[in-house]
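A.B. asks: Residue numbers (the numbering used here), protein chains in the order written: chain A, 1 to 150; chain B, 1001 to 1150; chain C, 2001 to 2418; chain D, 3001 to 3418.
Hints are computed from structural coordinates only; laboratory data are not their basis.
Check the hints yourself; a few may be wrong.
As the list claims (entries may be wrong) - With the Cβ distance kept under 8 Å, some of the chain A side facing chain C (calculated, not the full set):
1. SER93
2. LYS96
3. TYR122
4. CYS128
C-beta atoms are modelled at their ideal positions from N, C-alpha and C, and glycine is treated no differently.
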Amino acid sequence: MNDIRELYQDMILDHSRSPRNYGPLDRENHSAQGHNPLCGDDVSIHIYRNSAGVIEEITFEGSGCAISTASASILTGVLKGRLEEDVRLIFSSFRKMVADDGEVPSGEGLGKLAVFSGVRQYPARIKCATLCWHTLIQALDGKMEEVSTE
Amino acid sequence: MNDIRELYQDMILDHSRSPRNYGPLDRENHSAQGHNPLCGDDVSIHIYRNSAGVIEEITFEGSGCAISTASASILTGVLKGRLEEDVRLIFSSFRKMVADDGEVPSGEGLGKLAVFSGVRQYPARIKCATLCWHTLIQALDGKMEEVSTE
Amino acid sequence: MSRRSPTGESRVPFADLAEVRSQFPCLQQQIHGKQLIYLDSAATSQKPSQVIEAVDSYYREYCSNVHRGVHTLSERATSRYEGVRPKVAVLINAPDPHSVIFTRSTTEGINLVARTIGRSRVGEGDEVLISAMEHHANIVPWQMLCEEQGAILRVIPCDENGDLILNDLGSLITDRTKVVSVGYVSNAVGTRHDVKKIISAARTRGAITLIDAAQAISHIPVDVEDLGCDFLAFSGHKMYGPTGIGVLWGRKELLDQMSPWQGGGDMIRTVSFERTTYADTPWKFEAGTPNIAGVIGLGAAVDFLNDVGFETIQEHESQLVAEAMARLDQVEGLSIIGRPSHRISVISFILDGIHPHDAGTIIDQHSVAIRAGHHCAMPLMKHFGVPATIRASFAVYNTHDEIEALTSAIESVKAVFR
Amino acid sequence: MSRRSPTGESRVPFADLAEVRSQFPCLQQQIHGKQLIYLDSAATSQKPSQVIEAVDSYYREYCSNVHRGVHTLSERATSRYEGVRPKVAVLINAPDPHSVIFTRSTTEGINLVARTIGRSRVGEGDEVLISAMEHHANIVPWQMLCEEQGAILRVIPCDENGDLILNDLGSLITDRTKVVSVGYVSNAVGTRHDVKKIISAARTRGAITLIDAAQAISHIPVDVEDLGCDFLAFSGHKMYGPTGIGVLWGRKELLDQMSPWQGGGDMIRTVSFERTTYADTPWKFEAGTPNIAGVIGLGAAVDFLNDVGFETIQEHESQLVAEAMARLDQVEGLSIIGRPSHRISVISFILDGIHPHDAGTIIDQHSVAIRAGHHCAMPLMKHFGVPATIRASFAVYNTHDEIEALTSAIESVKAVFR
Ligand SMILES: Cc1ncc(COP(=O)(O)O)c(C=O)c1O
Ligand SMILES: Cc1ncc(COP(=O)(O)O)c(C=O)c1O
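Excised from the complex, chain A in its bound form (with noise of 0.2 Å):
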């Protein structure tokens, strides 16, 4: 039995619990829609990107659980302020460590993110904690479609 507490860190139930930056946002230039089907989860990302690339303001709406709500919440706190090209550098180190193969990186470099470490631990999960990920990059990459995670 793994320890639990692994996956549902304090700042994890906390974030889920209280959101932060949750809600719609007027000067929004980037947005879009992620759902995973297999839980219901729903979550909706937006963006304002400067000219110079750096994402100003991100906020996002949704429901689902606790990992995929805390997952949006700690993003979105974690890129304000970022360079489009850094976020695409962090999902991929983000995607890393919760992902089931390959070597267990260390969390390094991701700051508050490396809280959801536990997760590789639990395959069914991954999903959770990427959905938002995989729905801010669409944002960004403008295609209008919804993101699915199957």
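Here the structure of chain A is known, so what remains is to put chains B, C and D with the ligands in place on it, guided by the hints.
C.D. replies: For chains B, C and D with the ligands alone, coordinates are given in the frame of chain A:
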């Protein structure tokens, strides 16, 4: 290993090579077509039944394996001149003899038809022996559908 | 325990529940270091050794294609394969074994009906009636049909207990209603519906009726003659049988009139490029090489059901459900979803402020397998105003101790989220 | 022997043919008191232990439904199930594992294509092109489609050797041709067709192309990129895998555009009574609980093929076929049906004045399993002017001694009918 000659008795081989009562029947007042989709056997039965219910004439046409050809050929010989009700009784005994369930009947009263007693050892061949019988009954019953022995 | 199979043969009795359990190899294992507690039988049941061995022995002893062979192995395979039809017919009290069609699953059976007789009977402006409590398998095929034909999908509503509201059937079933297709037992909240009432209302209007018996077949005796329906579909994997095999039963007269669905080998009588004629029922609906091992395993599953007996099954399962309901009702912060008047084997619930998916992961850590999700019944989730539920479902091999384990796992969920 | 799988991993080598044979439990038996000689692999192949055990261990160790569970067993089942897609993709050199759809069989795969993209592309007066040598599975679905849509079924003719006549393709494939669907290898006479030529002619006219690879997949490397086809269908049971499972591969772009076929669980994204949205490829084509054990067994069958290696398979089988042809050609009163320029694994023949069905029964008495019949290719039988043939077909486990046994069984047939 069963003795294959119990199935392919000389009389069967003889009738399969030189079928009797083969061809159309000008006077026919009952007829039907049968088909075994598994092996492609085809048979038509032509009958002239008089008003007293006696099968005055009976012939067959078609193509098939040795068992099915011999069965049709011997059947026509045996049934010529018989009453329709006897025909149905004979079929019922014949079916019991060749079907592989239940007791082994002696084949008594079946006369020449007893030559097919070996068929019960070969479940896949029962339909070869009975196709012409089913077709015959269909002809007597006067239903116009094609018979098939699935 | 019941000692009689439906055929009246007397059977060797099982000593007790422990013996029944011992026949399920998959239950004899530890998950996360503790004995597995499997409460997800509504998704798929575990399989007894006799089923696993029947599949195995087909592959090891008489592996061969069916129907088309004169050689010994093929004869053996064909006779075992065809021998399952009468077994299934007896199980559901169907008068004619040739009215038993082998499909992949309940889903395929419903699609078959929708795409054959459904398409020929349902025209523009006609109506198909389902219920608010259907599994997606009994919604989507009819939606697709209605869209294609310009027909209307109507829905029998349900109340807050998860019972169908049947006192307005007269206005739901009219002369425009061509098909009525409803589930026997709800997989999401466990309701056993009064399908006889629905069927008889449908029949007076001349609609064809289909019963989705996926969640009924392993729990209660299903009797098509008594029900009076035209079609009945179920899956092997939910009745202790293999995956990839299901049954569609239909009234022989209807099946005989219906056009085939899929084309290919085994479903034809003669083929030429000009004209093809079809085989008789049921083969005309079984195109191509079937799931031979699956059919043979299904036969063994029917034997298993008869060996245990529905009396035993019903008695044991209803005790389990009653006890589980009593225990769960005492758990603070737990709300049961649906309180139907007749419940079969399934209990759905939610925990205050905890998403079912999170609960599922933590419960699994306690080696208890339950399901968290929409249970392929999204419209019903919407009706209850929840995105998902936690579902525990019971089978003949479950024990009273396992209910204890479930409730203590639920307490740990609450502890994590305290 | 080839020691490399397509992925480049090196494999444990098989010592020799005897070792390959020893992996097939069903071959280790006597029929009518003599060692079974199985020459009916074109109908269904025998299964190696690793396939039987893969199926078995799903049922014994991690039996659970896929896709919808958070619990451990369900995760295991899901990852093994989904893990078979990339294996199959590598086997047929498909660029995207998500273009691999699990079906029941070749037959179902062809029906799926006919009923989805077929129905949307083929209109009144349009044409579908097949060949004179198709299995009923690749005739009947197109006949049904053409009848429904008012389209025309055209046929690539074949010559007296059983080779397709391809020099007139230009007039057979026109702008009205919307679908071209042909077999890779004929199950009735063994011809390996020049499908690349047909596919490229079809592509220049914009027709979609489907290859029925049922008789190719276990004998030669199949490469969808190299072939250039749009769809490819095959069955697990003919490639050392379980019954009830098949594969339809399709070009991802086409699959993405296509509407689903069957409706139900697992193929949806969201369901409401007003509007249902569908899952992504490949899941939108896999409605309902799939044949989970079958998929897992299919994965083991792909491993088996890779373990032995196509080089070994091709070398061994072509030697067997060459020797069998040489021996059968010496049998008096025996006529080979079809003398194609490239033959794979199958030999059909007839005996003077002896119906194939009679021959089959007698040959079986000598413990040799062959097939006698029309091999689901009635139009081809008509072309050759025979009601049926005797067919011997070879797989990697057959031996040269078995050819001897076949010819001596044929001599006994002649003795009975002398
Ligand atoms: C060439 C060919 N196509 C299609 C099929 C049909 O395969 P299945 O019965 O597995 O659907 C067969 C099998 O007999 C075949 O040989
Ligand atoms: C009530 C009901 N109907 C239909 C189905 C679909 O069964 P299958 O997935 O075996 O086709 C299920 C299974 O989840 C069910 O519970």
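A.B. asks: Take the hints in turn and mark each one as holding or not.
C.D. replies: Structure-based check of each hint:
no., hint, verdict
1, SER93, "violated (24 Å)"
2, LYS96, "violated (21 Å)"
3, TYR122, "holds (6 Å)"
4, CYS128, "holds (7 Å)"
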